[in-house]
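Residue numbers (numbering that gives the first Met the number 0), protein chains in the order written: chain A, 0 to 424; chain B, 0 to 453.
Check each hint, because a few of them may be wrong.
Said to hold, decoys possible - Partner residues are not named here, just some residues of chain B that face chain A (Cβ under 8 angstroms, in silico):
(1) Gly-65
(2) Gly-98
(3) Val-101
(4) Ala-109
(5) Ile-112
(6) Val-414
Don't read these hints as lab results, they were simulated from the structure.
These numbers come from a predicted model, not from an experiment.
Beta carbons are placed, not taken as given, at the ideal position from N, Cα and C, and that holds for glycine.
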Amino acid sequence: MLEYASYALVLLALGAYVLLDGYDLGIGILSLLDRSDQRRKEYSELIATAWDANESWIILAGVVLWAGLPGVYATVLPGVYLPLIVMLLAIVLRGTAIELQSAASGYRHGWGLVFGLASLVATLCQGLVIGAVLSGLPHRGGVFTGGTWDWLTPYSVLCALGLVTVYLLAGAAWLQDKTTGTAHARAGRLGRPLILAVAVAGLVLGSGLRLADPQHLRFDQPLRATLFGLAVAVAVVCAAIAWYGFGRRPDWRPFAAVAGTEAAGLLALVAATAPVVVPPDLTVRAAASPHGSQLFLLIGVGGCMPVVLTYNIYAWWVFRGKFAQPPATPVAAGPSRPPAATERPAAVVPVAGDGPWAVVVARRVLLTLLAVTVAAVSQDVFGGVRVWIGPVGVVVFAVTALAVWIRSDRHSAAVGEFDLQAAEQ
Amino acid sequence: MASPAVVEISRWQFAITAVFHMSFPALTVGLSVFLAVMYTVHLRTGNPLYLQIFRFWKKIFAVGFGLGVVAGTVMTFEFGLNWGRYAHAVGPILGVTIGMEVITAFFLEAGFIGIMLYGDGRVRPRTMAFACWMLVVGTLLSTTWILSANSWMQDPAGFTEVDGQFRASNWWHVLFNPAFAYRYPHILLAVLISASWFIGGIAAWYLVKQRALPFARRTLSVALGVLAILMPVQLYVGDATAAFMGVHQPAKLEAFEGNWKTDNNGYNLLVVPDTDKGENRFHVEIPHLGAVIGKDLSGEAHVPGLLQTPTNDRPNMWSAFYGFRAMYFTALAMFGMAFAGVVLRLRGRLYTARRFHRLMVWMAPAGVVAISGGWITAETGRQPWVVYGLIRTSDAVSHLSLGAAIAGLTGFVAVYALLLGLWIRYIVRTVRTGPEHLTADAGAGVHPSEISHA
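Chain A extracted, bound-state conformation (with noise of 0.2 angstroms):
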């Protein structure tokens, strides 16, 4: 039983990530079809408070996979070698293009093409590893044994044109929520015609996955087919629902349609495939952890869970409602470089008169040796004499560190080192 509330707690991440990143992909593939400078750097500001948290689901799916159904993860893994190895780069990349971004002044147009394009390519990328999955991987004993491209099939290539046509979807959702002016126009208009591409794409990927599939599928059984045919239907109401809602008030329905279509499409997948995670045979319980580990794991993760959620929603309560640039871009002008006049008579190094050199020498003589003692001391090279020396000394040497940092950061602070104010005047 356990292994199934593992399977369970995959299905939730996986199926977090692909609103949740689904969404902001999508936006990034949406960045590549507009012409506005300004609407594409909105569409990443928006997205540069979210990704890092949306992208967390895909490690979690990742190793709550590991974790929980080891054979699975050391299975698919390495059967979707380079599509997995692609979409990775481009998560890298897009990363990067988004930081990067959000840190320059203005819009930087390779930047935003990178984005774009890594966005693309990890969702095409994505798309093939869920359609090599359901065609099925050779294994063995919890390990791949198949080749190097057994991962393109035709069917594989149809689920990558089907999941940009749904990230597409749920970015122009977003968006409506998000935006407003032309952007906001724009999502509302693109929502229609993005809707009938998702119908599409799921029709002809639900009668393929029939012949994809290498597993009899088994819909004789009237359990499976009733939560089949009721996510189905589930799925078609919410994209009505989603239909309905483009380009209408209020502007977050669009998006909670869609999220319901792509969880009721998720829960379809599974009432068709379970037990089977990997076709034609690797199953659940084949594939799972000993019970401890799942134990362990449901434990931790799922105790943990509820807690995530509630400050992500947290986080996500912060930057609610319509998108707008922060009250004052932090963003200084040029180099501020003090005018030269104030600053320079510190400049001046003051001339080391220490005494005659051989005081100087001598002291610096000194000095050296103390390091040396020290570093020997906190190397424990006493230890072998007497086994507290080294602790002591270690602890002598912090403490003496500490006082001396205290009284000479007070001495600072009262000439006025740390004084804003003075270094103006």
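Got chain A; can you put chain B on it based on the hints?
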């Protein structure tokens, strides 16, 4: 069985991605603590200097953290991509540990980083401070779990083996394995120290250039203060770690001391090992010092050599020896500089010693260099085992074609080299631009729109 070439390529790929990933946490864990402290001090004193420091380091932190996250995403999947057999064998133990890392630490960081970076003007300053501290908790928790997982691979405990898969028999022993007690404080100090050098080095650059002086003095003072306290502690902890490892992983100690035979008491500075013959073609040593470091002040005790270990269980002496030297000598240089900092402070010259500041600028990446060297020693010294004494690296690799493995490695090397260049360029640009100009009345709780710019 996978071909030796696939094993080698997979090892290189893992080594490159792991060192690259680790350089970012090495800076951002310490930076998150620094940022949280600075913001809290700003809240308590209302001094705009601390706000200036916070805003400047936040820019560097943001991009570094982002790169660390994406590079970490790669790591999560790499265990399964190239090391499928390993993933299947240790999933029930290490998968769970890393799963706990993701749920307790990763999500915490990801949830609050948005507020910390973009919350200015949207949330109250107290909430900002809270987000900063949550980020600190997240990065520290993350370090804890990862070190627990990695230490288990060095010194596995609390498990039984069933059909080639490891099962936890005692989670307490798995998580708090013997090596963890030594390696965790060592790495925790290391990340704080490496961030301090980075912060101190950049502050020293401003002192050299005579720009943004109060900012530079305050930052340098904090960084050097932390270093003066932590450097001796780190040497002590590091020594304890090496002594522990000498008992639990003797081959690693033998490899990084650079000896083959066990009739030597010197300390090797340079070696050119000949692995086939089991001797050094060339070495430069300081007589007796090896024994002294090994706690025998008479200088006569023998330093163990690698010939004690059977041929097929020997790690590569090159990487272990020079990785260790990179870590240890950088640490000694860091220690010397920190000591000099205390002396300068006592003499009241900390902010005027120009040569010292120039040296500090060069020391900015020292901590990352030392951590990378230490990592190379720790991980290559464990070879040929991936889980020490239990799974050989050559038995851990996935069923992959040579072409796919090469394509993966090439992709990572190309993208990571590009990223490293971009990251360095970004830091240089940000540092050149300098901290933004704040007027003295930009106190706590002031709306950001009221802050004037230079």
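Checklist entry - Would the hint on Val-414(B) stand, with a C-beta cut-off of 8 angstroms toward chain A? => result holds (5 angstroms)
Next on the checklist: Given Val-101(B) as an interface hint, is its Cβ closer than 8 angstroms to any Cβ of chain A?
Outcome noted: holds (5 angstroms)
Item to check | Residue hint Ala-109(B), partner chain A, criterion CB-CB below 8 angstroms | outcome: holds (4 angstroms)
Item to check | chain A contact restraint on Ile-112(B) - CB to CB distance below 8 angstroms | outcome: Since the shortest Cβ distance to chain A is 6 angstroms, the answer is holds.
Checklist entry - Taking 8 angstroms as the limit, does the beta-carbon of Gly-98(B) come near enough to a beta-carbon in chain A? => result holds (4 angstroms)
Checklist entry - Hint check: is the beta carbon of Gly-65(B) less than 8 angstroms from a beta carbon of chain A? => result holds (4 angstroms)
When held up to the earlier numbered hints, the structure conflicts with none and fits them all.
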